[in-house]
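Order-wise, the sequence lines are chains F and B. So for the first sequence, our numbering puts the first residue at 1; every next one is plus one. So for the second sequence, our numbering puts the first residue at 1; every next one is plus one.
Hints are not guaranteed to be accurate.
Across the chosen pairs, the derived CB separations fall in these ranges [unchecked claim]:
#1 F:Arg3 with B:Lys68: 36 to 46 Å
#2 B:Asp62 with F:Ala69: 18 to 28 Å
#3 B:Gly132 with F:Val248: 50 to 60 Å
#4 F:Lys229 with B:Ala96: 23 to 33 Å
Simulated from the structure, these hints should not be mistaken for lab results. What you are looking at is a predicted structure, and each value in this text was computed from that prediction instead of being measured. We treat Cβ as the ideally placed atom computed from N, Cα and C, and that holds for glycine.
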Amino acid sequence: MGRKLLLEHVNVPGIETYEVYRKNGGYRSVEKALKTMSPQNVVEEVQASGLRGRGGAGFPTGMKWSFLAKPEGVPRYLLCNADESEPGTFKDRYLMEKLPHLLVEGMIVSSYALGANQSYIYIRGEYMFVLEIVEKAIAEAYANGWLGKNIMGSGYDLDLAICPGGGAYICGEETALIESLEGKRGNPRIKPPFPAVKGLWGCPTVVNNVESIAAVVPIVNDGGAEYAKIGIGKSTGTKLISASGNLVKPGVYEIDLGLSVEEFIYSDEWCGGIANGKKIKACVPGGSSVPILPANLICKTAEGTDRLMTYESLAEGGFASGSMLGSGGFIVFDEDQCIVRNTWNFARFYAHESCGQCSPCREGTGWMEKVLRRLEYGQGNLRDIDLLEEINKKIEGNTICPLGDAAAWPVAAAIRHFREEFEWHVTNPDEAQKRNFGIASNHMPLV
Amino acid sequence: MVKVIVDDIEVEVEPGTTILNAARKIGGEVVPPAMCYYSKLEGSGGKCRTCLVEVAAGSAADPRPMPKLVASCSTPVQDGMVIKNKTSERVREGRAAVTEFLLINHPLDCPICDQAGECHLQDLGFEHGKAGTRYEEKRRTYDPIDIGDKIKLHMNRCILCYRCVYTANQITDNRVHGVMHRGDHAEISTYIEKAIDNDFSGNVIDVCPVGALTDKTFRFKSRVWFLKPMNASCECTKCAGKAVVWMFGDEIARVTGRKDQYGEIEDVDGKTGWICNECRFDKKDKSKWNIEGPRVINRHSVISQGHYLTNDPKRDAKKLTGK
Ligand SMILES: Cc1cc2nc3c(=O)[nH]c(=O)nc-3n(C[C@H](O)[C@H](O)[C@H](O)COP(=O)(O)O)c2cc1C
Ligand code: SF4
Ligand code: SF4
Ligand code: FES
Numbered sequence: 001m002g003r004k005l006l007l008e009h010v011n012v013p014g015i016e017t018y019e020v021y022r023k024n025g026g027y028r029s030v031e032k033a034l035k036t037m038s039p040q041n042v043v044e045e046v047q048a049s050g051l052r053g054r055g056g057a058g059f060p061t062g063m064k065w066s067f068l069a070k071p072e073g074v075p076r077y078l079l080c081n082a083d084e085s086e087p088g089t090f091k092d093r094y095l096m097e098k099l100p101h102l103l104v105e106g107m108i109v110s111s112y113a114l115g116a117n118q119s120y121i122y123i124r125g126e127y128m129f130v131l132e133i134v135e136k137a138i139a140e141a142y143a144n145g146w147l148g149k150n151i152m153g154s155g156y157d158l159d160l161a162i163c164p165g166g167g168a169y170i171c172g173e174e175t176a177l178i179e180s181l182e183g184k185r186g187n188p189r190i191k192p193p194f195p196a197v198k199g200l201w202g203c204p205t206v207v208n209n210v211e212s213i214a215a216v217v218p219i220v221n222d223g224g225a226e227y228a229k230i231g232i233g234k235s236t237g238t239k240l241i242s243a244s245g246n247l248v249k250p251g252v253y254e255i256d257l258g259l260s261v262e263e264f265i266y267s268d269e270w271c272g273g274i275a276n277g278k279k280i281k282a283c284v285p286g287g288s289s290v291p292i293l294p295a296n297l298i299c300k301t302a303e304g305t306d307r308l309m310t311y312e313s314l315a316e317g318g319f320a321s322g323s324m325l326g327s328g329g330f331i332v333f334d335e336d337q338c339i340v341r342n343t344w345n346f347a348r349f350y351a352h353e354s355c356g357q358c359s360p361c362r363e364g365t366g367w368m369e370k371v372l373r374r375l376e377y378g379q380g381n382l383r384d385i386d387l388l389e390e391i392n393k394k395i396e397g398n399t400i401c402p403l404g405d406a407a408a409w410p411v412a413a414a415i416r417h418f419r420e421e422f423e424w425h426v427t428n429p430d431e432a433q434k435r436n437f438g439i440a441s442n443h444m445p446l447v
Numbered sequence: 001m002v003k004v005i006v007d008d009i010e011v012e013v014e015p016g017t018t019i020l021n022a023a024r025k026i027g028g029e030v031v032p033p034a035m036c037y038y039s040k041l042e043g044s045g046g047k048c049r050t051c052l053v054e055v056a057a058g059s060a061a062d063p064r065p066m067p068k069l070v071a072s073c074s075t076p077v078q079d080g081m082v083i084k085n086k087t088s089e090r091v092r093e094g095r096a097a098v099t100e101f102l103l104i105n106h107p108l109d110c111p112i113c114d115q116a117g118e119c120h121l122q123d124l125g126f127e128h129g130k131a132g133t134r135y136e137e138k139r140r141t142y143d144p145i146d147i148g149d150k151i152k153l154h155m156n157r158c159i160l161c162y163r164c165v166y167t168a169n170q171i172t173d174n175r176v177h178g179v180m181h182r183g184d185h186a187e188i189s190t191y192i193e194k195a196i197d198n199d200f201s202g203n204v205i206d207v208c209p210v211g212a213l214t215d216k217t218f219r220f221k222s223r224v225w226f227l228k229p230m231n232a233s234c235e236c237t238k239c240a241g242k243a244v245v246w247m248f249g250d251e252i253a254r255v256t257g258r259k260d261q262y263g264e265i266e267d268v269d270g271k272t273g274w275i276c277n278e279c280r281f282d283k284k285d286k287s288k289w290n291i292e293g294p295r296v297i298n299r300h301s302v303i304s305q306g307h308y309l310t311n312d313p314k315r316d317a318k319k320l321t322g323k
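Bound conformation, chain B alone (with noise of 0.2 Å):
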C-alpha cells in the first residue's frame, strides 16, 4: 500500500491507484469531477480535462512539484504524493478554464433537455462556470439524428468524452460506432447512421454524461426530478436484470441500469450490470418488475432534490418526519 495525501487528507491505496480513485476512497469534496473517465469502460479517461489536479510534491523520494496540472483520472499515484484539488487555486482557475471550453458550443438548451436535472455538465457548470460567456461566434451546431429506433443523438449537446465509443466497442460485439473528423468538428456517428443494432446498446444512454443521447421512449415524457426511482428487478436471459425504473405516478417512464454517485453503472454480482436494451426500452409494465424498493440517489445535483432517501439518515428521518 502507498500512502498519498489529497487536500490535506491522507489515504492509503494500492500502488497503480490512480489519483482521481484515490481521492474516490476519501469520498466527498476532494473528488475532482469526471467527466469523460469511467471506470467501467478500459481505455477511458484523459480526454476532458475536468479532473485535472495539482501535484505539490511527485512522490516521498522525489518531493519535487509536477510543473502542470495533470489529469487524476489518469495519473498513478507514488508513495508520498501530495496532490491539491479543492484547495489549489490553479486547479479551480483550469477547470474554470475546462468548463468555458466545453460551453463555448454547448446549445445550453437545458430546458428542453432530458438530462437536465442529471446531467455531470451542468452539475460542473454550476460549480466551476460563469455566468455569462465570452464566446461571440457562432456555436457549431448539428442536426439531431436516431440512432437506432430507441437512441437519440443531439451531437450539439456531445461532450466527446468518447464514453459511448468505449462502451459500443466493448460491451457489443459488432464495432460500428465511432468519431468521425477531427477537432471542434469532430462527431461521434455509427458508421454512415448505421444502427447499432445490438441487445446492449441501450448503455450509451447511461454512459453518456450529458444529453447527446437519450432514450426515445422517454423523451419528453417527464423531467427526471418529477420521478420517483426505485430499485427493480426482472427475470431476464440476457443481463442480470437489475436496473432502476424510474416511476411517474404509478406508471414508468422510463428504465436505466443502476448508477452510482458518479454516473458509473454498479457492479451485480461482481461484473458491471449493464441491462439490455429489452429490460430498458420494453419493460415499462410494472407486473413486470419486481420492485425492491427506493432508490438512493447521492449526487450534488438537481436530481437528488425533492427525494425521499439519500445517503444521510440524519437528514432522511427529518424529510420522512418533517422534524
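Okay, chain F solo, but in the shape it has when bound (with noise of 0.2 Å):
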C-alpha cells in the first residue's frame, strides 16, 4: 500500500473519538503551530507544500491564503466547503465519517494560519449523520481546550462551527456557499469582489475543500517542503481519490499524485481492475463536471505517453483529447455502459441544480436535459446531435458561475468521443432501448 497522509489511522478502532485520535498523535500540529509558529510560517509552509485546493479547481492553497485582504478590526473567516455534491465524488464524506477530528484540528491551524477567530464548516444538507459526527467531534475539542478562548495558553481564540446546507449542489460554488451561510438563497455572486476580499458579511474570507484543510495538519507536522517531496512537478502530495463505477474495489484511495493512471485502475493494491472481467469503455476522471475519456485515452495521452494521476497529465491533450484531475471522483464505465444514457443522466443533474440566475445556464441546461432525453428514449434526430453541440458552445463562457462550464464539458466531450453512439441510437431506436444500463438505470425523475 502506498503513504497515507490523510488516512494513516482510518482503520484505528474508536479513531472517530478525541481519546482514540490525539493517542495516535492527534491535534500535534495545533500543539506544533501554536507553540513554535508564528501565522506567516504556516501560511509559508502551505506555500512551500505546494498543495493544490482539492474542491476541483487546484489552486494553490498557499497563493489563495496569502491574497487574503487584512484590513484593521475587521474580522477574517475560514469556511469550510464541505458541501461535496459533484457527482462521483464521496471523498469528503468519508474523511469526515472516519476522521472527524482531522477536519477539526486542520481547520484550527488553518484558522490560525489566516487569523480567523470564526471558522464555519458548511456540510451538505442531505450529509446529516455525518454532521452528528463532525459535531460531536468540535465539543470534544471544546471539552479538551482546543477550541474556545485562548486555546492552549497562546492567546489564540477560535470558536468553530457547522452549518447545514439545504440540499443544492450550486452552494458548494464558494460564493454561493457564502450567500447560504449568510441565511439568503444560494445563488452564485458576481466576482469580483472575491471573497479574499469581500465574502462572508462582505469581511475577507478563504473557503477551503475538506481534503485541503486536512492536508495542512501533516503539512505542519512534517514540514511544506516533505509534503512537496510527493508527486510531480506542480502535482505535490497525496489525493483522496473517490473510485466508482464498474471496478473490482470501489471506495475511496489515497494516492500519492503522480500514479499512473493504468496501475490505479489495474492493480490489486488500487481498483483491481474492471469488474465482472469486462473491458473498460470511458472513464471520467475528476467527477461529473469534466470531460469522459475513452479507453484509448485513459491510460496513455494521445502522444502515446502514460497518463498519470495529475493535474497536469490528466489535463494533457487540453479539451481535445485530455481531462481534468477536478475532485478526484473517478468513474469507470464498462463496455455495457451506454454513454448516451450516462450524458444524459449528468445533464439531467445539471438542469437540477443550476441556481436559475443566468439566462444561458438557466435555459441551456435544461434544453440540453430535454434533447439528451428524447436522444436517450429513441426519439430523437440527427441534428440533435449537432443543436447540443451549438447549445453547450452558447453556455461555456457566457455564465456567472462555473456551473454553466460545467454542465457543458460533459455533453461536448461525449459527443466529441462517442458521437457514433448518439447516432446509434437515433438510426437504432427501438435496439437502443433494449440494452443493459447497469449503474445507470435509475428512471426516477428528479424534478
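Using the hints, put the two standalone chains together into the complex.
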C-alpha cells in the first residue's frame, strides 16, 4: 500500500473519538503551530508544500491564503466547503465520517494561519449523519481546550461552528456558499469582488475544501518541503480519489499524485481492474463536471505517453483528448454502459442544480437535458446532436459561475468521443432501448 | 477621470464606472441592451447576459484582450480599455445566443400581452432574434396568479431578471417577495402567494422588462401605442406625485412612473421617482392630476411610433407640420 498522510489511522478502532485520535498523534500540529510558529510561518509552509485546492479547481492553497486581505479591525473568516455534491465524489464524506478530528484539527491550524477567530464548516444538507459526527468532534475539541478562548495558553481564540446546507449543489460554489451561510438564497455572486476581499458578511474570507484543510495537518507536522517531495511537478502530495463505477474494488483511496492511471485502475493494490472481466469503455476522472475520456485516452495520452494521476497529465491534450483531475471523482464505465444515457443523466443533474440566475445556464441546461432525454429514448434525430454542440458552445464562458461550463463540458466531450453512439441511438431507437444500462438505470425523475 | 473607447468612440468617465454606463454616456447605438441591470436597484445586473461585450484591450497598462465576453453592466472600466459592442461579431453571436435562450421558454403571446409595444424582450428579439425556433420541447408553463388585487403575474413570460425582487426588497418594508426553486423551474413569487401589501408594491410593474408583471387596472384596456403619454403631477402625501398618465381619448387608461429611454424610473428632486399605489391604481380621474404636457418617449420600440414628440426636433417638426 502507498503512503498515507490523511488516512493513516483510518482503520484504528475508535479513531473518531477524541481519546483514540489524540493517542495516535492527533492535534500535534496545533501544538506545534501555536507554540512554535507564527501564523505567517504556517502560511509559508503551506506555500512550500505546493498544496493545490482539492475542491476541484486546483488553485494553490498557499497562494490563496496569501491573497487574503487583512484590513485593521475587520474580522476574517475561514469556511470549510463540505458541500460535496459533485456526482462521483464522496471522499470528503469518508474523511469526515472516519476522521472528524482530522478536519477539526486542520480547521484550527488553518484558522490560526489566517488569523480567523470564527470559522465555519458548511456541510451538505444530505450529510446529516456526518454532521452529527463532526459536531461531536467539535464538542470534544472544545471540552479538551482545542477550541474556545486562549487555546493552549497561546492567547489565540477560535470558535468553530457547523452549518448544514439545504441540499443544493450550487452552494458548493464558494460565493453561493457564503450567501447561503448568510441565510440567503444560494445564488453565486458576481466576481469581483472575490471572497478574499469581500466574503462572508463583507469581510475577507477564505473558502477551502475539506481535504485541502485536512492536508494542512501533515504539512505543519512534517513541513511543507517534505510534503512537496511527494508527487510530480506542480502536483504535490497525496490525493483522495473516490473511485466508482464498474471496478472490482470501488472506494476512497489515498494515492500519491503521479501514480499512473493504469496502475490505479488495474493493480490489485488499488481498484483491481474492471469488474466481471469486462473491458473498460470510458472514464470520467475528476467528477461529473470534467470531460469524459474514451478507452484509448485513459491510460495513455494522445501522444502515447503514460497518463498519470496529476493535474497536468490528466489535462494533457486539452479538451481535444484530455480531461481534468477535478475533485478526484473517478468514474469508470465498462463496455456495457451507455454513454448517451450517462450524458443525459449528468445533464439532468445540472438542469436540476442550476441556480437559474443567468439565462444561458438556466435555459441551456434545461434544453440540453430535454434533447438528451429524447435521444436516449429513441425520439431524437441527427440534427439534435449538432444542436447539442451548439447549445453548449453558447453556454460555455457566458455565465456567472462555472456551473454553466461544468454542464457544457461533459456533453461536449461525450459527443466529441462517442458521436457514433449518439448517432446509433437515432438510427436504432428500438435496439437502444433494449440494452442493459447497469448503473445508469435510474428512472426516477428528479424534478 | 479615465478614458475608454467603445466601438471606436472615446469617452471620459469616473473611475469605477461600469462599461455599460460608459456606453450610456456616449448614448445611441453603442449602448448594449440591459434586461436585468437597473441603476436604481442595488445589486441588480449580471444575470441576463444580454449586455455582454468584448474587451479588446483590458487597459492602457495591460492591453491584453479579455478571453471571455464580459457582462458590461457589472464590469468596471479601466483607463485605456477598448470595448467592442456593435462592432464585434462575437458579441452579436453571444447576444443572439442569449436572446434564443430567453425565448425558448417564453410563450410568445405578444398578441395578448399588455406589455407588447413597450417590451424590452420584444425589442431584443426584433434586433437579435431569429424568425424560427430550434426548440422542439414543451415550454415551461405556469398559471397566471394574482399578486394582491392590483398586480397580475404571468410567470410564463418572466425572464428571472430579479428586478422585482430587488424592488420589493429595497423600496418596500416587508420582504415577502422572492425567487423559489432553481434552474429553469425557478419562479418569482410572493412567498406562498402572499400579496405584497405595501404602498409602493406597484413599482414592480414598472421595473419588469417584460409582461410578467402587469397592472390589473389596465389589463386588456388598450394597446400602449394607442395611448398618449402625458407628464402629470398631483399632490400626494406618499410619493412625489410625479407620474405619466397614459390617455385614451379623454380618459386616463393607466398611470406609470416616469421612465427614461432605458426603462428606468427618472429621478425626482434627486431621488428615484417611484410612485405610490394610490397614484398608480386609484387616481384614474383626470381632475386629480395636473397635466404638464406631452411625454417624450425615446425608445427604439413600437411605443415610440405614432407619437407626437420625440427627442429629435427635426422629426418632431415634420410630424407636427407634416413637412
Ligand atoms: C457549481 C460548483 C460546485 C462546487 N462544489 C464544491 C464542493 O462541493 N466542494 C468543494 O470543496 N468545492 C466545490 N466547488 C469549488 C469551490 O467553488 C471552491 O473553489 C473550493 O471550495 C475552494 O477550495 P479549495 O481551494 O480547497 O479547492 C464548487 C464549484 C462550483 C462552481
Ligand atoms: S452559471 Fe448557472 S449556477 Fe452559475 S450563476 Fe449562472 S445560472 Fe446560477
Ligand atoms: S417578473 Fe419581471 S421583473 Fe420580476 S424577475 Fe420576472 S421579468 Fe424580472
Ligand atoms: S444587464 Fe448585464 S447581465 Fe443583464
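Comparing the hints with the structure gives:
no.	hint	verdict
1	F:Arg3 with B:Lys68: 36 to 46 Å	holds (40 Å)
2	B:Asp62 with F:Ala69: 18 to 28 Å	holds (21 Å)
3	B:Gly132 with F:Val248: 50 to 60 Å	holds (52 Å)
4	F:Lys229 with B:Ala96: 23 to 33 Å	violated (53 Å)
In the structure shown, a violation is registered for the earlier hint numbered 4 alone.
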